[in-house]
Amino acid sequence: MTALVETRSDISRGPWATAFRRLRHDKVAMAALIFFCLILVSCLSAPLYAKWAGVNPFTSTLDATIMLDGKQTAVMEQSTEGLGLGYNPIGPTWQLGNYFLGADNQGRDVMARLLYGGWTSIIIASGATILTLLFATVLGLAAGFFGGVTDMILSRILDILWAFPVYLLAISLSIVMIAHGIDIGPFTIESGSLWLPVFIIGVIYIPYVARPIRGQVLSLRESEFVLAAISLGVPSHRILFRDILPNVTTTLIVFVPLMMALNMLTESALSFLSIGVQPPDASWGTIIQDGQGLLYSRPWVALAPGIAIVITVLALNVLGDGLRDALDPRSKIKLGRG
Amino acid sequence: MKKYLLTGAALAAFTFSAVAPASAEYMKEHRGGTMRILAHAAAGTVDPHINYTLQYWQIYQSLYDGLIAFQKAGGPEGFTKVPDIAEEFPKPTNDGKTYVFKIRKGIKFSNGQELGVKDVVASFQRIFKVSSPTAGGFYSVIVGADKCIKDPKTCTLEGGVVGDEAASTVTINLTRPDAEIFDKLALPHAAILPADSPTTDVGSVPLPGTGAYMMSAYDPNKGMTLTRNPNFKVWSEAAQPDGYPDVVQYDFGPTEEAQVTAVQNGEADWMFDEAPADRLAEMGTKNKDQVHVTPLTAWWYLPMNNKLAPFDNIKARQAVNFAIDRKALVNLFGGPVLASPVCQVLPPGFPGHVDYCPYTKDPGAKWSAPDMEKAKKLVEESGTKGQKVTIIVEDKTVAKSIGVYLQSVLNELGYVAELKPISPDIQFTYIQNTKNNVQISVTQWYQDYPAASDFLNILFGSGSYTPGSDSSINISGYTNKDLDEKMQKALALGVTDQEAANKIWAEVDKTVTDDSAAAAMFTPKHLDFTSKRLGNFQFNYQFYWMVTQSWVQ
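In order, the protein sequences belong to chains L and B.
If you read the first sequence in my numbering, its first letter stands for residue 230, the second for the next number, and so on.
If you read the second sequence in my numbering, its first letter stands for residue 274, the second for the next number, and so on.
Everything labelled a hint here was simulated from the structure, so no lab data went into it.
Careful, some of the hints might be misleading.
Only part of the chain L face toward chain B is listed, based on derived beta-carbon distances under 8 Å [unchecked claim]:
# : residue
1 : 308
2 : 314
3 : 417
4 : 421
5 : 523
Calculated pairs, DSS-like style, for lysine-lysine (alpha carbon to alpha carbon, straight line, at most 27 Å) [said to hold, decoys possible]:
#  : chain 1 : residue 1 : chain 2 : residue 2
6  : B       : 798       : B       : 559
7  : B       : 391       : B       : 426
8  : L       : 300       : B       : 600
9  : B       : 588       : B       : 708
10 : B       : 561       : B       : 600
11 : L       : 280       : B       : 649
For each residue, glycine too, the CB sits at the ideal point set by N, CA and C.
Please work from the sequences and hints to get the whole structure.
Spelled out as structure tokens, the structure:
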């Protein structure tokens, strides 16, 4: 069992520096962070990879050929054995820039699509996380601080939203919106837009974050420093933003990687069901769906994005745990050499 | 002998006809046993007057009979019509508008009731009373049908279907000559049922029939069981032969992958669903003796909305026809063994078909390669470049692959293409309804019966275009008055001179193709996958594999 050892210099650094120092000393969390950054950089390099490989991962290339072992090889192969049934994409060549993971059923480079898909998945997960945290913070602060009727109305709305099974709600919203998009006054999202899954996923998880935020604000509102500010006549908005918000920020930060992981899984599930990212755009979910029909003969088309999801989600969850430990003053992380 | 019969459909058919012993000997040797067949899901109601699916029409062949039947024979012989409950083909009188059918005696339903004139008359009324999906299409030509369509509950078909108990005849009067009336009478929707059958959809309660088998159990969540009809006696080998297995157990539930594995392991004798694309190569090598590939009279095509931009412009439609690589589309379907590229509506070998392909690199009889340059030029000329196009496809592997490919082609042509895969349960009705403003879609049409009108008149006749309806099978919204007249002329001529009528149908096919009412992709072939023990596989061109004509022991 390790004991918390805080030196005088740690205390003088302030809470953020201390938290960062704690995080730095959490080797598992740091490994997860580095891993996630590597995935991020790899996905960011998708256009460069596609250019280098000379492929367009969004266009059908059924008649494409590649050089393999000094021979020109078709990317889509017609079976020549037996009755000549079947027309399968080429399998992994394990040569970077040359259909490393093979092709999908449209003759597209799976590796290039995997990188583009990762970028799309991360963008959607990040966008949805920002949306969730933004709305959840506003609702949680308002409900917890103002209480009374405001709290009753907002809490019941959140309760109703949370009463729906999350995936069922996401699927229902997607099916309705996928055909026509969203058009609410000046706020318009077209049906094929990536913002649509961002919006849907962002909305369904608002109660997941807003409810604990509200609980924390309720407790903070009764704390001595807030009561003192109220009794001194400090305006509500000032108390909210200067006294309460900074105290829930750590919770919000801990939520970031966890929500990212959750959103990434939800996006993949929706895309797998054809109600998330729309073709020809790629996401890890759509690539798994493409690979579903090739599971028997070309398993890597589905396995590669599946593994990518597992690794990324694992990295984010471990990072989330590390952040929670680092930001929690009661956590038992050994700092320094002592 | 049995070994020969297991080595491929074509060879089997040839061997069977050339050296086979009499079917009585086969019957003695192979009669009995339980055949187990599989499908992923049930196909809805078992009411033969309502169900409109290949899955159950195939099963109905050994359960029900009509006045006329398609011959129970393998290959194109299956298109031949033979008298069934009628003793013989009646000669048309009254300028081709009246047919008098003599009803056979001694035929019994599976519930023991003897079939009589009243059952025939009641069955025709029931087609309208249960609002059969083809009542307004196929059978609207019967006198009194218009009244029955308006008020199904009180339908009597007065003057249209008249029974004479004493003479044991049923007279059918038509409002106009119809060369395809016998085809229509041979479909399951015109099956003869007991007169006291409910006049509402029976859902999952099987109705008695006169066939060699009866449906003794049906649960849409589990499966159906066919057992021998204890009251059946063969009256016509061609129309309703006896079957080999004692029991056919049709189970619902397994996925396509699981079905393939079950047939490979001998746990099932046949699978209804299409084999998954990634199993084809394996099936074609390891299990090649169990695979039967047969050409179909069917059509995969891209309906383009002739009344909505950009495809209200003929040049835009022609551009799509020139741009699509039909070889690539064939490959997406499973390769040249399973499909052949086409440019026209009527499938090869169909009445009225004359090879024609204007949308290829070297226009002529057959498609050779896409002409992207010409296609791009046509798009420029049409002034539709840059327009947004949405493609609606079924959310199924092959259809979606075709959609993704088509999206690439349209983008290359200069359009901004978007793909919307929607549930296969609703896609076909969705693309028919003009309210949904569908610009282009991926769909297919499988013949009801072997007549050119079943493709051309149904898919491109003005009569099939009903704006705002889910049943507007003229999905392209192509309307051409001159062509409608030509089709009516061909239909009328067919009563007396089918050859001459087919020549007119060939002209109609050419016009529809030239007008690019839709973009033809390919004609598919059918793949049946059977167990090692299953013998005497015979593929009937009209209703596909004849289930009970195969044996399992």
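Looking at the structure, which of the earlier hints fail to hold?
3
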